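Protein chains in written order, with our numbering: chain A, -14 to 156; chain B, 963 to 1154; chain C, 11 to 367.
What the hints contain is simulated information worked out from the structure, not anything from laboratory work. Just so you know, these numbers come straight off a predicted model, no measurement behind them. Check each hint, because a few of them may be wrong.
[Claimed, not checked] Restraint-style ranges between C-beta atoms, simulated for each label pair:
1) Phe83/C <-> Glu1114/B: 34 to 44 Å
2) Arg335/C <-> Ile91/A: 49 to 59 Å
3) Asn1122/B <-> Val59/C: 44 to 54 Å
4) Phe126/A <-> Phe358/C: 22 to 32 Å
[Said to hold, decoys possible] Here are some, though not all, of the chain C residues that point toward chain A, as calculated from beta-carbon distances under 8 Å:
5) Phe92
6) Leu144
7) Ser146
8) Trp154
9) Leu166
10) Met342
[Said to hold, decoys possible] DSBU-like mimics (lysine-lysine), calculated; alpha carbons at most 30 Å apart, straight line:
11) Lys1001/B <-> Lys1050/B
12) Lys1118/B <-> Lys1139/B
13) Lys367/C <-> Lys120/A
14) Lys1128/B <-> Lys1104/B
15) Lys1030/B <-> Lys1061/B
16) Lys1128/B <-> Lys1061/B
17) Lys1128/B <-> Lys1030/B
18) Lys21/C <-> Lys116/A
19) Lys367/C <-> Lys116/A
20) Lys1118/B <-> Lys347/C
21) Lys1050/B <-> Lys1139/B
22) Lys347/C <-> Lys149/A
23) Lys1030/B <-> Lys1001/B
24) Lys1139/B <-> Lys1128/B
25) Lys1050/B <-> Lys1061/B
C-beta atoms are modelled at their ideal positions from N, C-alpha and C, and glycine is treated no differently.
Here is how the chains run, residue by residue.
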Amino acid sequence: MQLLMFYIFGLGAVLSATLMVTNIKPVTAAMNLIMTMFFLAGIYVLLDAHLIAALQIIVYAGAIMVLFLFVILLLNVHEKEGETARRKVVIQFGSIAIVGSLFIIIAHLAVIYPSAVKVITDTAYEFGTTKAVGKMLFTDFLLPFEIASFLLLAAIVGAVILAKRRIDDSE
Amino acid sequence: MGIPIGKLKPKKVRKNIDLTLWERLYIFEIIRGMTVTTKHFMANLVGFVLHAKGKKRNIITVYYPEEKVELPPAYRGRPVLVMRENGKERCVACGLCEKICPASAISIIAEENENGDRYPASYLLDMSRCVFCGFCEEVCPKEAIVMSSEYEGLAKRDRNDLLCTKEMLLRTENSVKGRIEYIRRIYAKCNY
Amino acid sequence: MAANLIESIVKILFIFSVNIGFFSPILGWVERKQSALMQDRVGANRADVCGFTLIGLFHPIADAIKVLTKEDFIPEGADRLFHTIAPFISLTPAIITFAVIPFGGQYELFGHHVNLIIADLDVGILFVFAFASLASFGSVLAGWSSNNNWSFLGGLRASAQMLSYEVVMGLNIIGVIMVYGTLRLSQIGAMQADFFNWGIFLQPVGFVLFFTCAIAENKRAPFDVAEAESELVAGYFTEYSGMKFVMFWMGEFLEIVTIGALVTTMFFGAWHLPFVSDQMLLNYFRFAGPNGAASLAIVVNIITFFSKVIFFIWLQMTIRWTLPRFRYDQVMRLGWKMFLPIALINIFITGVVILAK
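The task is simple: from the sequences and hints, build the whole structure.
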């Protein structure tokens, strides 16, 4: 059952990602990206990582993709831009193939050298819950977490400054 | 006479909207507004379920085909001819209404009876042309044509149906009494 | 296993029939009738069956027949695919979110553990947010795919508004999560058995902000700039007709129900009567035997929960028919410059109070 679901989600993710890359229409491509996010969230659910799945949908599908769509609609991106992309279809498929083969190589390496990868097996049930993730974030990975939050803060301040300056210039 | 000028001063209206802090918080003003609407809602809800007979209800809607509005005498509905006691029209076919009608909706053919009195042999009122101005009523020396309060039956599928003959226009004096009294008040006619 | 399956199916059918079968048709009638009563009018009362009008309750049926027989129109130059799926995208989240909202406690019925919630997820609130945030795609795509300037403006406004209010709503939720210490909605509900533990006492500011943001998220007056009739005809669903148009409305009505249910769950004691816990209910109904007591308690839970939900539906309707529409810049200013700081301060104060305890 789980394997079947994994194949459905995985196939859907790959298919919609391919469609996203090859589509001419920007809005269709964006919607396909959302589909990919959804399938990825499904895979996370299969891995018992409910929190990550929910965050995946909230942050990527809900917030970032709405912004993407917003920008696409506001800038009125035409299909022409998509057509130039289509000419590079070889490059696209080439890059997909390269990244995919890299992934496979890494997976094989992980199998060959199991000590290189940290696999969490003992806390299988607790693993994906909010409590477990929160505890990990605020104990083992506190420093990366704080650094990431600082980075986000810097990004927010930068965005405010950029937007502010433009308003001042126009006056 | 008239209203003294001092009284004509308009009521003081707060034009600049300089809200107080209380109003700026907005939430209390929202609650105030919602109490007003809720009061109406509750009163009408109770009035809806336990509607006391004979009591004037708050809801102002008129259920049209079942209920009808009582129109004031100043309402100008379709023009009608007033009957005498003997069932004949009051009209003497003087032709003033025909003359004044801005839409040329009236056409009269006059005749004399054996007493030598004039009467309209045919009085045609084309309702498709009538503009409900009430001039005919104003000029009529005999109070023979008045604007009744009828507003129904003015829509037909055929224009020819809107051509009203004398018989279709005749109404008893009682049915337009209010209007006759009203025109006596507003048009100071020479014969009254 | 079979008992679990039957339980799930019964619960799903119950929620589905309550939402689709009861709330979504009746709310159209409620909206008309309540606005009428608030404005001293009568409201819809003309549809009748054999002379009985039942204070206009046949209007939903008449409306359904009307919309089903209407032409399904796709305008020239519209994107056919997205024009078709946009209403589905905006309706689905409204139905799905009810899966994680508890409508009763946990009981032992015929030796089987019954939990009155369809999916007791560990990330309940986040699930609701995840799907609420997807609803904005429906309006954006509807606006974009209609090939109409009014629709397009409506879609843009809708997306910007929903995006900004989602942020504030999320920050409000953090206060609730901090107080109850869990994301699981059934647990949040269970912790409100004590009357003074209700969310409204622990998070009063959070309640006001959450309710306001939820109304803004639902794009109803006073935040209905996205479908402002006087400015944008009908906003993002100008070009929709027939059943697709009704799907937008059903989505909106079901979101009203969802907002009512969420507010009830998080701030108004979920399925609990004031001062009455589930155990006390079971004690009251001891005379009916253990199974009878449990089923009676379940019925009381469900009735309590849905009465609260209906109260909040009424409150939202009252707000909708009382307040005038905000201007677009006012909506944005309210969201980013007033609600966001207040929500952050609320989180800060909540944290300080929790630490001080």
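Just to be careful, I want the Cα atoms of Lys367/C and Lys116/A compared with a cutoff of 30 Å; is the pair within it?
holds (21 Å)
If you draw a straight line from the CA of Lys347/C to the CA of Lys149/A, is it 30 Å or shorter?
Satisfied, since the Cα-Cα distance of roughly 15 Å is no more than 30 Å.
Below or equal to 30 Å on CA atoms is what counts here, so check Lys1118/B against Lys347/C.
Roughly 61 Å separates the two Cα atoms, so the pair is violated.
Can you tell me whether the CB distance of Phe126/A to Phe358/C sits inside 22 to 32 Å?
holds (24 Å)
Let me know if the C-beta of Ser146/C comes in closer than 8 Å to any C-beta of chain A, holds or violated.
OK, holds: Ser146/C within 8 Å of chain A, min 5 Å.
Is the Cα-Cα distance between Lys367/C and Lys120/A 30 Å or less?
Answer holds: Lys367/C to Lys120/A is near 21 Å, not above 30 Å.
If you draw a straight line from the CA of Lys1128/B to the CA of Lys1104/B, is it 30 Å or shorter?
holds (16 Å)
Outcome of range test on Cβ distance (Arg335/C, Ile91/A; 49 to 59 Å):
holds (55 Å)
Distance restraint between Lys1128/B and Lys1030/B, which requires alpha-carbon spacing of 30 Å or less
With Cα atoms ~27 Å apart, Lys1128/B and Lys1030/B stay inside 30 Å; holds.
Can you confirm whether the C-alpha distance between Lys1030/B and Lys1001/B stays at or below 30 Å?
Within the cut-off at roughly 28 Å; holds.
Between the alpha carbons of Lys1030/B and Lys1061/B, is the straight-line distance 30 Å or under?
Status violated; Cα separation ~35 Å.
Lys1128/B paired with Lys1061/B [C-alpha distance capped at 30 Å]
Holds - the C-alpha atoms of Lys1061/B and Lys1128/B are around 18 Å apart, at most 30 Å.
Going through the hint list in order, the structure does not satisfy hints 3, 10, 11, 15, 20.
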